[in-house]
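Undergrad: Given the structure of chain H, go ahead and fit chain B onto it with the hints provided.
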Amino acid sequence: MMRRISHLALGAAGLAAATSMIAGGMLARPAVAESAPPVVAAPAPAPAARIVAMRRLTETQYRNAIADIFGPDITVAGRFEPIVRPAHELVAHGAKDASLSPSGFEQFDAMARIIAAQVFDEAHRRQFVPCAPADAAKADAACARRVLAPLGRYLFRRPLTAMEEALYVRMASEAAAPTGSFHKGLELALSAMLVSPSFLYVIETAEPDPANPAAALRLDSHSRAARLSFMLWNTTPNAALLDAADKGRLTDQKALDQVARAMVASPRFEQGVRAFFADMLLFEKFDEIAKDPLIYPYFNQPVALAMPEQMLRTIVDHLVTREGDYRELFSTRRTFMNRPLAALYQVPVRQSGGWEPFEFAPGDDRAGLLGQAGFLALY
Amino acid sequence: MREEGITPMTAHRRTFPAARLATMAGALGVLFAAGPAALLAPAIGEDARASLPAPPPDGTMGFVVSEFVQPIVPGSDSCPDGPVLKMRDIYLESLPPEERARLKRKENEKELDRLWQLTAFGKDGSTNVCSQPDLFDRPLQRTLKSPLAWGLDLDGGTAGEEGCGHEEFATPDGQSGIDNQEYRVNGCKLEWRGLDGMPSDNSVGMKQFMASGEWTQVLLLRGVDSLQNDPEVEVIYANTPDRPMIDSRGTWLKGATFTISTTPPRNRNVLKGRIEHGVLTTEPADIQLTQTWGQGGARDIRGNRTKWHYVKGRLRLTFQADGSLRGMLGGYRPLFDVIASPAIGGAGAALTAGIDCAGELKTLRKYADGLRNPKTGQCEGISGTQRITAIPAYVNDVAPADAVRTASQGPAMQGKTR
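As given, the protein sequences belong to chains H and B, one line each in that order.
Counted the way this note's numbering counts, the first sequence spans residues 1 to 379.
Counted the way this note's numbering counts, the second sequence spans residues 1001 to 1418.
Chain H extracted, bound-state conformation:
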């Protein structure tokens, strides 16, 4: 029974997003939306709004979003269907064309259930349920609304529409009856949110530009919030960013500049820099790298794991921490070392575990990003 209801909810969630896209003059649609059975009609978005881009969340973005919204102790367990890198482009570019296969969607569905079950288990529900249901064994639409509306805002990176809100509250209510649990109802509704295209895809919408209403479009505030957050922090917008978007501040160039600078100054900027360079330098190749152990005796699993990390630490240290000249990234003698890598480089480290700053001697061939083991192993 529970499983049937769950499938119903998934279909409804997919449809809600899909219909809103179509009504808005949508471009690409994820495969899942095409096969979703109609259950509830969602209202069309504002007539002038237009979806201009959709990018599937990368695995890291998905994990970061779940950790930021629900906490780092929520386990994300499952296999992510890879996003194909277009030739000579970033994976991030490929994300805009990424669809979902049925098996890929099943994985997201399984992960969603696992996440939702944790969020509303006894250990966590207090953080996310600000109200007490009249009867914990029955539906309570008012309380469910207080739970799901804010969670939906974080997950979809914008406020839920009235239709979406009603849909998810109804799912929670309908599931509470057969399961005899208000919290199981919430769990089901959250699972549906987590497989909605509105969560799995960053959907960017445009609006007429007031400066040139007849001809030009501009990204709306919430799309700007998402783009800023995923570009600079590689995660979903936080409450402050969503608040700024709600107030329309992000369409004001001056305010946008302030917000962007503040985000770059944040420690979380490192996460965005790492994601960008890992993408640009094709770090997915490290997942399948192999060397002949007879020719490269120092190459082993710990070294393979350490090589990309050394490159990213060097980049972040030089560009972010020291605000160094990008060009000097290719000549800097500063880097970081751990024990397995130190053996490969034939240099000492000061501790058995972890990373430590290291500086190559003047004139050392290893100086600069291009001399590092990771770069040479990849290219």
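It should be emphasised that the hints constitute simulated quantities derived from the structure, not laboratory data.
Where is the CB? At the ideal position from N, CA and C, for every residue including glycine.
Worth double-checking, as some hints may not be accurate.
[What the hints assert, rightly or not] In the DSBU-like style, the derived pairs of lysine-lysine whose C-alpha atoms are separated by at most 35 Å in a straight line are:
(1) H:K285 / B:K1254
(2) B:K1106 / B:K1145
(3) B:K1362 / B:K1110
(4) B:K1145 / H:K291
(5) H:K291 / B:K1254
[As the list claims (entries may be wrong)] Covered by chain H, per the in silico footprint, the following chain B stretches (three or more residues, Cβ under 8 Å):
(6) 1256 to 1266
(7) 1368 to 1377
TA: For chain B alone, coordinates are given in the frame of chain H:
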């Protein structure tokens, strides 16, 4: 006792969980009782002194010990009477020829097993030859007959007041006055000598212990001005918790970093050394190093912690052209230390590995040549040797005063190496 078609080890696993642990530890003990079969030439015999490089400018050199085995001198003349007998064979030897022949027949195998295994236990079954070797009067084990052995001259040719008289060995390359009575006692054990040129159980086992990081040892040399001659060098011989880096062929990789252990027992031996003609020698001192038998926690018999303890221990290591050190560790070992591993194994060591711990201890006492007890006049230590190869490494020292702090706060280096 022994099920048909099932090895003794399997039989124990099925019936006696507690004994199983002992059996496993006993099997490990077998590894310990020996030395390498494939001793080609020890470091002392490999003279690379003519082509030695200059030491590092700061005079600090680090090494990780990649080989730590009991050296043997191969040759059929070493043990003309055959290898040291196992418990089963010792029992058979004690019988009249007719009875021996009867029990050796296939149809009497079960009876023979029952009878010889009984000899491993005391009358009420609560004691055994390995856990309580002092309670058993067993025959002496066969000893080595060859005049050749690897080792060091520990007593300068005279036993003196602190030692006991004994016959000394000569090395195959002509050095005389070699003290290695442990080899005399155990050099005919198959676990030491191996069979038909194959590596012995001990050499294989010790190699594994070293490679797994359980026994990992490092050497840190300070104040080295010359690899040819230097009258004063500080040598720190210690254990490290860091595992060595080894390639796919089992070769130890040079240039890895190791930090001397900060947690007890630290086993950080500080020795005074000198270099003469490319040979590093340290003054006699108490040397203690980590020794574990099997896997598991300290309260688990399989992870029982003992130690390599060399009283008046010293190193004699030769610098090699490839940057490594090769040579010997020698000193006097407390007698019981020599049988520590099978003693930990208890009845399992006697039944599965066939080790007669009581007979071995009795033989060790007979040939003991050091640590004479002034009250009894008996020697309680025996000269022994380990062959060592050490390859270049970076070694982080942690001074004793800082060890407690770093142990609680995580590793940190106090001084660099190599």
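Undergrad: Please go over all the hints and tell whether each is borne out by the structure.
TA: Status of the hints after comparison with the structure:
| no. | hint | in the structure |
| --- | --- | --- |
| 1 | H:K285 / B:K1254 | holds, 28 Å |
| 2 | B:K1106 / B:K1145 | holds, 34 Å |
| 3 | B:K1362 / B:K1110 | holds, 29 Å |
| 4 | B:K1145 / H:K291 | violated, 51 Å |
| 5 | H:K291 / B:K1254 | holds, 19 Å |
| 6 | 1256 to 1266 | holds (count 4) |
| 7 | 1368 to 1377 | violated (count 0) |
Of the numbered hints stated above, those contradicted by the structure are hints 4 and 7, listed in ascending order.
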